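Colleague: Letter by letter, the chains look like this.
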Amino acid sequence: MNAVDATDRAATQEEVEAPSLLTIILDTNPHAWALLADSLPLSKAVANLLVFINAHLAINYANRVAVVVSHSERAEWLYPTPADATLEQAHSNGDGENGNRAGTGGAVQPPDDANKYRPFAQLEYAIMTNLQRLMCTTTPAAISSAPSTMLAGALTRALAYISKQSASTNPTTTATTHFNYSDPSSVAGGNSLNPSDDTTTTSRSNQRLTTRILIVSVSGDLAETYIELMNAIFACQRLSIPIDVLKLAGDPTFLQQAADTTNGIYLSLSNPLARAGMLQYLMFAFLPDAAARERLVMPGEGEGVDFRAACFCHKRVVDIGFVCSICLSIFCEPLADGTCLLCGSHLSMANYGQKPVVVARPKKKGKKKRVVDGGVETPGSGRETPAPG
Amino acid sequence: MSPPKTSVVYKKANGSLTCDKRHLIWSPSIPSGATPSLKIAVADITNLQQTGEASAKVALKVLVKDDSYVFSFTSKDAARKEQVTVTDTLRDAIATIKAGAASSLVPAVGTPAAVQNGGGDAGQSASMAIAKALSAKPQDEGWYDDNRLKSDFQLQRSLLESSKALDERFRQALRDKPDTVSVPQFTAQFWSTRLHLLRAHAMEKSQKEGEYNVLPEIKYNTIIGADGEPIKTLNMTKEQVSLIFKQYPVVRQAYNETVPKPFADPKIFWSRFFASRLLKKLKGLRIEKNDPTDLALDPYLECQEASGPASTAHIPHIIDLEGNEQNTKFHLEGDYEMRAAKHDRPILHLLNQMSEKLLSHVAPEDGDAHAPIGMDEGTFEQLQLRDLAMQDTDNRVVLNVREQQRYTGTSGEDELSADARLYAKQDPNRVISSLQNDVQPRNLGSDEQGTLKLDRVLGYDSDDDDEDMDDEPNGGHTNGTSTRKVSVRVGSHAALTGASSSILSSVSQRRRNASSDAHGLNGLSQSVFDTLTITHNTTTEFLHYFWTLFLSGDSSRTSELTGLVSTLDRSLDRINAVGEQAEKERQDRLEKMRIQVKDYYPHMKKVEQVNAVDNGGQLTQITLSGELKPSYAANEAPDTEIEILEQTFDDNGNLKPPEAVLKVTTEQAELSPIPETPRKPTVPPFRDPQWEQTETSYLKTALNNLNSLTRSYNLMAPDLAKKPYFSLERELRTCFADVAPTVAAKIRERALAPKIKGVEVIGHRPGGVLDRFSMDGPAHVFDEVRPQYGFRQFWRDLFASKKS
Numbered sequence: 001m002n003a004v005d006a007t008d009r010a011a012t013q014e015e016v017e018a019p020s021l022l023t024i025i026l027d028t029n030p031h032a033w034a035l036l037a038d039s040l041p042l043s044k045a046v047a048n049l050l051v052f053i054n055a056h057l058a059i060n061y062a063n064r065v066a067v068v069v070s071h072s073e074r075a076e077w078l079y080p081t082p083a084d085a086t087l088e089q090a091h092s093n094g095d096g097e098n099g100n101r102a103g104t105g106g107a108v109q110p111p112d113d114a115n116k117y118r119p120f121a122q123l124e125y126a127i128m129t130n131l132q133r134l135m136c137t138t139t140p141a142a143i144s145s146a147p148s149t150m151l152a153g154a155l156t157r158a159l160a161y162i163s164k165q166s167a168s169t170n171p172t173t174t175a176t177t178h179f180n181y182s183d184p185s186s187v188a189g190g191n192s193l194n195p196s197d198d199t200t201t202t203s204r205s206n207q208r209l210t211t212r213i214l215i216v217s218v219s220g221d222l223a224e225t226y227i228e229l230m231n232a233i234f235a236c237q238r239l240s241i242p243i244d245v246l247k248l249a250g251d252p253t254f255l256q257q258a259a260d261t262t263n264g265i266y267l268s269l270s271n272p273l274a275r276a277g278m279l280q281y282l283m284f285a286f287l288p289d290a291a292a293r294e295r296l297v298m299p300g301e302g303e304g305v306d307f308r309a310a311c312f313c314h315k316r317v318v319d320i321g322f323v324c325s326i327c328l329s330i331f332c333e334p335l336a337d338g339t340c341l342l343c344g345s346h347l348s349m350a351n352y353g354q355k356p357v358v359v360a361r362p363k364k365k366g367k368k369k370r371v372v373d374g375g376v377e378t379p380g381s382g383r384e385t386p387a388p389g
Numbered sequence: 001m002s003p004p005k006t007s008v009v010y011k012k013a014n015g016s017l018t019c020d021k022r023h024l025i026w027s028p029s030i031p032s033g034a035t036p037s038l039k040i041a042v043a044d045i046t047n048l049q050q051t052g053e054a055s056a057k058v059a060l061k062v063l064v065k066d067d068s069y070v071f072s073f074t075s076k077d078a079a080r081k082e083q084v085t086v087t088d089t090l091r092d093a094i095a096t097i098k099a100g101a102a103s104s105l106v107p108a109v110g111t112p113a114a115v116q117n118g119g120g121d122a123g124q125s126a127s128m129a130i131a132k133a134l135s136a137k138p139q140d141e142g143w144y145d146d147n148r149l150k151s152d153f154q155l156q157r158s159l160l161e162s163s164k165a166l167d168e169r170f171r172q173a174l175r176d177k178p179d180t181v182s183v184p185q186f187t188a189q190f191w192s193t194r195l196h197l198l199r200a201h202a203m204e205k206s207q208k209e210g211e212y213n214v215l216p217e218i219k220y221n222t223i224i225g226a227d228g229e230p231i232k233t234l235n236m237t238k239e240q241v242s243l244i245f246k247q248y249p250v251v252r253q254a255y256n257e258t259v260p261k262p263f264a265d266p267k268i269f270w271s272r273f274f275a276s277r278l279l280k281k282l283k284g285l286r287i288e289k290n291d292p293t294d295l296a297l298d299p300y301l302e303c304q305e306a307s308g309p310a311s312t313a314h315i316p317h318i319i320d321l322e323g324n325e326q327n328t329k330f331h332l333e334g335d336y337e338m339r340a341a342k343h344d345r346p347i348l349h350l351l352n353q354m355s356e357k358l359l360s361h362v363a364p365e366d367g368d369a370h371a372p373i374g375m376d377e378g379t380f381e382q383l384q385l386r387d388l389a390m391q392d393t394d395n396r397v398v399l400n401v402r403e404q405q406r407y408t409g410t411s412g413e414d415e416l417s418a419d420a421r422l423y424a425k426q427d428p429n430r431v432i433s434s435l436q437n438d439v440q441p442r443n444l445g446s447d448e449q450g451t452l453k454l455d456r457v458l459g460y461d462s463d464d465d466d467e468d469m470d471d472e473p474n475g476g477h478t479n480g481t482s483t484r485k486v487s488v489r490v491g492s493h494a495a496l497t498g499a500s501s502s503i504l505s506s507v508s509q510r511r512r513n514a515s516s517d518a519h520g521l522n523g524l525s526q527s528v529f530d531t532l533t534i535t536h537n538t539t540t541e542f543l544h545y546f547w548t549l550f551l552s553g554d555s556s557r558t559s560e561l562t563g564l565v566s567t568l569d570r571s572l573d574r575i576n577a578v579g580e581q582a583e584k585e586r587q588d589r590l591e592k593m594r595i596q597v598k599d600y601y602p603h604m605k606k607v608e609q610v611n612a613v614d615n616g617g618q619l620t621q622i623t624l625s626g627e628l629k630p631s632y633a634a635n636e637a638p639d640t641e642i643e644i645l646e647q648t649f650d651d652n653g654n655l656k657p658p659e660a661v662l663k664v665t666t667e668q669a670e671l672s673p674i675p676e677t678p679r680k681p682t683v684p685p686f687r688d689p690q691w692e693q694t695e696t697s698y699l700k701t702a703l704n705n706l707n708s709l710t711r712s713y714n715l716m717a718p719d720l721a722k723k724p725y726f727s728l729e730r731e732l733r734t735c736f737a738d739v740a741p742t743v744a745a746k747i748r749e750r751a752l753a754p755k756i757k758g759v760e761v762i763g764h765r766p767g768g769v770l771d772r773f774s775m776d777g778p779a780h781v782f783d784e785v786r787p788q789y790g791f792r793q794f795w796r797d798l799f800a801s802k803k804s
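Chains as they are written, first to last, in full-length UniProt numbering: chain A, 1 to 389; chain B, 1 to 804.
No lab work stands behind these hints, which were simulated from the structure alone. Computed from a prediction, not measured in an experiment: that's the story for all the values here. Each hint should be verified, as a subset may be incorrect.
Calculated cross-link-like contacts (lysine-lysine; reagent style DSS-like; alpha-carbon spacing at most 25 Å) [to be verified]:
(1) B/Lys-232 to B/Lys-164
(2) B/Lys-219 to B/Lys-267
(3) B/Lys-232 to B/Lys-205
(4) B/Lys-280 to B/Lys-267
(5) A/Lys-116 to B/Lys-453
(6) B/Lys-289 to A/Lys-315
Far from chain B, by Cβ distances over 10 Å, these chain A residues were calculated [unchecked claim]:
(7) Val-16
(8) His-31
(9) Arg-74
(10) Ala-75
(11) Pro-119
(12) Tyr-161
(13) Lys-164
(14) Ala-235
(15) Leu-267
(16) Gln-280
(17) Ala-290
(18) Asp-319
(19) Ser-325
(20) Leu-347
All C-beta atoms in this analysis are idealised placements derived from N, C-alpha and C, irrespective of residue type, glycine included.
Isolated chain A, as found in the complex (with noise of 0.2 Å):
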C-alpha cells in the first residue's frame, strides 16, 4: 500500500551515489626521482596527481582523499595535514578532528582566492607545504643509508585511516558487527575474523564509504619488507580494498602481486612517452570508483604477474626456494641448523638437493652396495615433513 499512496522514499535514498575514499600513497624516494627527473619530475609527477585529485573530488561532493607519502626512511602524511605539523605551523585553527575531511581542508591555511573552488586550493596548498616542508626536513645521511622507501610503513598508514574513516562513516553498523546469530558462519571462525569484514557484508545496501588505494611508486627494491608488505596486501584484500599501483620506475615484482591479489590495477610507464601521459593514465585508468568498475573492462597487463617471494633470511627474491611445512615461511637455502626461523619447527631435508651425480663412481661398489640397499627408496615427500615440535 505504501507503493500505491507514494509514501515509498526508500528509492530515492539509495540513488545517491556512495561517497569513496581515494588514499594515494606517493613513493618519493628522492634517488628514484633524481634519476626520473628529465623525464617527470617530482613537481610535474604532483601537479598531475593534483588534477586527478581534483577529479575525483568533483566527481561526487562526498568523496574524500588521503595522500602518503612513502619516503626514503619515514612514512608520512601530506594530506590532511599530520597534527603534529598544524601545531609547529601555528596555524590550528580548532578543527583537528574535522581536518580530516576534504570539504574543510587540512589545516594550513590557503590563500583566498576568488577563481579557485576552495577545497582544491586548501587541498592543493596543504600538499604542497607539506611536501616541501618533508623535503626540507631530510637529510643527505638519511636517504643515503635508506636506498628504498617505507610502502609497507604508509600502506599501514593509510590501512589505518581507511579503516577509521570507514569505521566513522558507518556508526550504526558497525554496532551490528558484534555478533551475528543467525549466522552460522560466524560461530565457527569465532574471534578470528575482522570486525569490519561483516561491515562489508550487511552494510552494502547502505551507505557504505568505498574505498581504494593507489600506489604511485618510482623505486624497486621492496624486499626488505617483504613481510610487512604482504601482509598489509592481504589486509586490503579482506577488506576487498583495491590496491591500483602507477608504476614510474623500478621493478614491479611485489606491486604487481598487490594489484593482483586485491582486484586493482596495474600499470606500468616505463618509457618517458608513457611517462609524459602520466596524467591521461590517471584518468584514464584510474578514476573509475569501485562501483563504475563492476561495470567496466578494466585496462592493466592481465597476464604475466610476477608471483615471486622474498626469502625470510636473505630477503632475496627467489623462482625456487624451501618452505617450512609448518609455518609456510619461505628460505633461499637449507636451513643451517634445520630449524625455521620463524617457528622453531625442526625440519630435515631428504636427499634433495644433493650435489648431482650424472656418471657412476667406478669402483667401491661392493660396499657401497649395502648403503644403497637402503636408500634406493624414493626420496619421499612426506619423510621432509617433521614432527611440529
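Put chain B on the given structure of chain A with help from the hints.
Modeller: Using the frame of chain A, we list chain B on its own:
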C-alpha cells in the same frame, strides 16, 4: 596369539626362546622367571641358518651383523618342530619389517644395541616399554606411514581404478618410461609424489557406514505353512542382534537376565520379545490395553533406561534449555496424567531420541582422528554460546623471524639490486637540493598570491601544442624544468594520445582474455587437446622424476638417469609431434574453408546480363562476368578481366554457344577509346497501357485518400515534420523504375521457359464412369411404384451397358 616359547640351549645354558614380532628374546631358565638376558631385534637380523633337516642336532644360527648366536633346541620330541616354528615366525617378522621399512621412520628401533647381555632390570623394562610404544603406534596411524602406503599395491590399484585421469597418466608414463628404469622403481617414484592421494584414498576406503535404527528393519515374513496356516518367521542377523543390544541397553539387560533362566533358548527370548509390550515401547508405538502381557519382559517397561538415549545422558545441558526436554522428569506423582511414563509421547520425540542415540554412538568412532583439540563437542558448544561479543582476548601467536640480522647483515655489496647501485652513484646532497628546488611552489605554478595554476604547469594548452611538437620544447612557462633531453613534453598531446591508445589496447586485450572460455579447447579439436594434455602430463611426470633423481646425488642410479634423459628427449619429440598434428589440422581446416569460400564465391561473382533484340528480331543475351578490382599500380599486370559473351537464342529458347568472346581488361578499357559503333535504337519502355487504364481509378482514389490524410496531419504538424503530398505520375514512375531492373530477367525467363503444349486434364476420358455423374445426358426418371429404386438399381445403372 601367544608368542611361541621353546626351550633351547644358548652358550651351554638352558633357557627358553621367545619370539614376538620385533624381538627374539632368550631368557635363562635357571633362576625361574628371570628377566630375558639376550634380546635380538628382528630388524637387525641379517641371516638365519639352521641345521639340516636330517641331522640329529637341531640348531638355529642367527646372524646379526658381525655377531652370530647359535641356539640348540633341546626339547626331546619336538625339537625340530619348535625350531621350524621359531624360524617361520622370525621369517615372517623379518618380512613384515622389511616391507614396512620402519627403520627409517622410527630411528629408535634401529639404534639401540641389539644385544644387551646381562642387562639390569631397569634397562630391560625401559627398552620393553619403548618397544611396546613403538609397536602400538603404527597400528593407529597406519594412514600416515608413507612406506606402508607406497608398498600397498592393493590400495594403489583401487585408487587407479577410482580415478580415471590418474590411471591414464600412470599407464601413459609407464609406457613411455625408459627401459633402464624397472617397473618397481618407476611405480615407487610415481607414488612417492602422490602420497597425499594415496592417503586420502586410504582414509576414504576406511570410512564405513554409520548405524541405523535396527528395530523397524526387522520385520515378520509371513509364510504359508504346510498345514495351510500362515506362519510368521523372523530373520535376524548377528549384526542386527548386536546393534539392538547396543542401541537398546534395556534389551541387553533383559537378555542377560532372562536367557539362561526363564528362557532356555535365545530363540524363545526373541520370539517373546517381538511380541511384547517392551518392543512396542521401544519402537514408540502406543501400548494398547489388549496387548498381550509378558511376565518376564514387562518389568523392563518400567526401567528408566528404556527411555532416553543411553550415552547422551552425561552431557550437561546448562544453557540449552530446549535440549533439556529429555532430561526433564515429572515428579508430580499425584496425578496419573502428569506422570512422565504415562504421558503419550509424540512419535517425533522418540524419533529424535533415536537419531540422537545413533549419532552419539557414531561420534566416538572418529573421535580419535578428528576430535576438536582439547575439548569435546559439548564443551565446545558451551564455549561457543558464551562467546557473545567477540571480546575474547586475542590468543594469536606472534611470529617473528629470529636472528634475521645474522643473515641480512652479512649481505655484501654484490647483492645490491640494479636500482640500489644506481642510487649509490648519486650524491645525496645534490639529490636533496635538486628535489628541494623542484618542489618549490613556483614549479607547481604558484602565482603571487600562492594559488596554484595547475593548467599552466601541465601545459595543457591546445593552441601552442603544435608548436611544441614541431619546435624545440619551449620551457618558458614551465620554468625550464620540464624537458631537456627528451623531446616529449609532459602532458603534451602526443603523450596523452599515446597514453589513451595504450590503455585502450590493454582494455581490449583484457576483454579478449575475459571473454575467452577458460575451459575451451583453444581452437584445437578434442582429440588433439587430449593428446596434448596427456603429453603434458607425462612430460611433467618425467621431469619430476628426473629432478628428484638428479638432485638425489645417488651415484648408483646414474643408469636410470641416462635413461630418463633419453626419455625426456623423446618427450620433446612427442611435444613437437603434437604441435605438428595441431598445425596439420589447422591447415586442413583452412583448406576446407578455402574450398568452401571458392564454392560460395562464384555465385557472388559479378554477372551482368543484358538482353537485347537485334534487327532480325533475335533475342541476344550479353553476359558480363568478372571481378572488378581496382588495380593498384599501373605497371602491374592487369588482374581484372571482363569477359563479354554474345549469345543468341535459338528457336527453342536455348542459348547458342557463344560466337565471340571479347575479353576486356580494365586497363585496356581505360586507355583505348571506345569504338564508335552505330547505336541501336533503344527498346521502348515496357509499359502495359491496359493495366494502367484499369488501375487508374483505384490508384487515384487511394492517392486522394492518402493525400487527405497527409493534409490533416500537416495541419497539426510543425513545419519541420510536415510531409509532402503524393502525385500519381511520380509514384508510377518510381514504381516503373523499381521494377525496371527485373524486367529483362523476367523476359528472359519467359523466353527460356519450356513451351507448354496445351492444358492436359489427367484421369478423365470421355465415356468413362465419371461421365455418368454429369448432368449432360437426359435424366432417367423412375416410377416409384415398381420395385423401388434402391442401391442395387443404382449400382446396375452405373455399371450396366448403355443399352439397358
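Colleague: If a hint holds in the structure, say so; if it does not, say that too.
Modeller: Checked hints:
no.	hint	result
1	B/Lys-232 to B/Lys-164	49 Å, violated
2	B/Lys-219 to B/Lys-267	15 Å, holds
3	B/Lys-232 to B/Lys-205	39 Å, violated
4	B/Lys-280 to B/Lys-267	19 Å, holds
5	A/Lys-116 to B/Lys-453	9 Å, holds
6	B/Lys-289 to A/Lys-315	85 Å, violated
7	Val-16	29 Å, holds
8	His-31	4 Å, violated
9	Arg-74	15 Å, holds
10	Ala-75	17 Å, holds
11	Pro-119	13 Å, holds
12	Tyr-161	22 Å, holds
13	Lys-164	19 Å, holds
14	Ala-235	14 Å, holds
15	Leu-267	8 Å, violated
16	Gln-280	4 Å, violated
17	Ala-290	17 Å, holds
18	Asp-319	14 Å, holds
19	Ser-325	12 Å, holds
20	Leu-347	14 Å, holds
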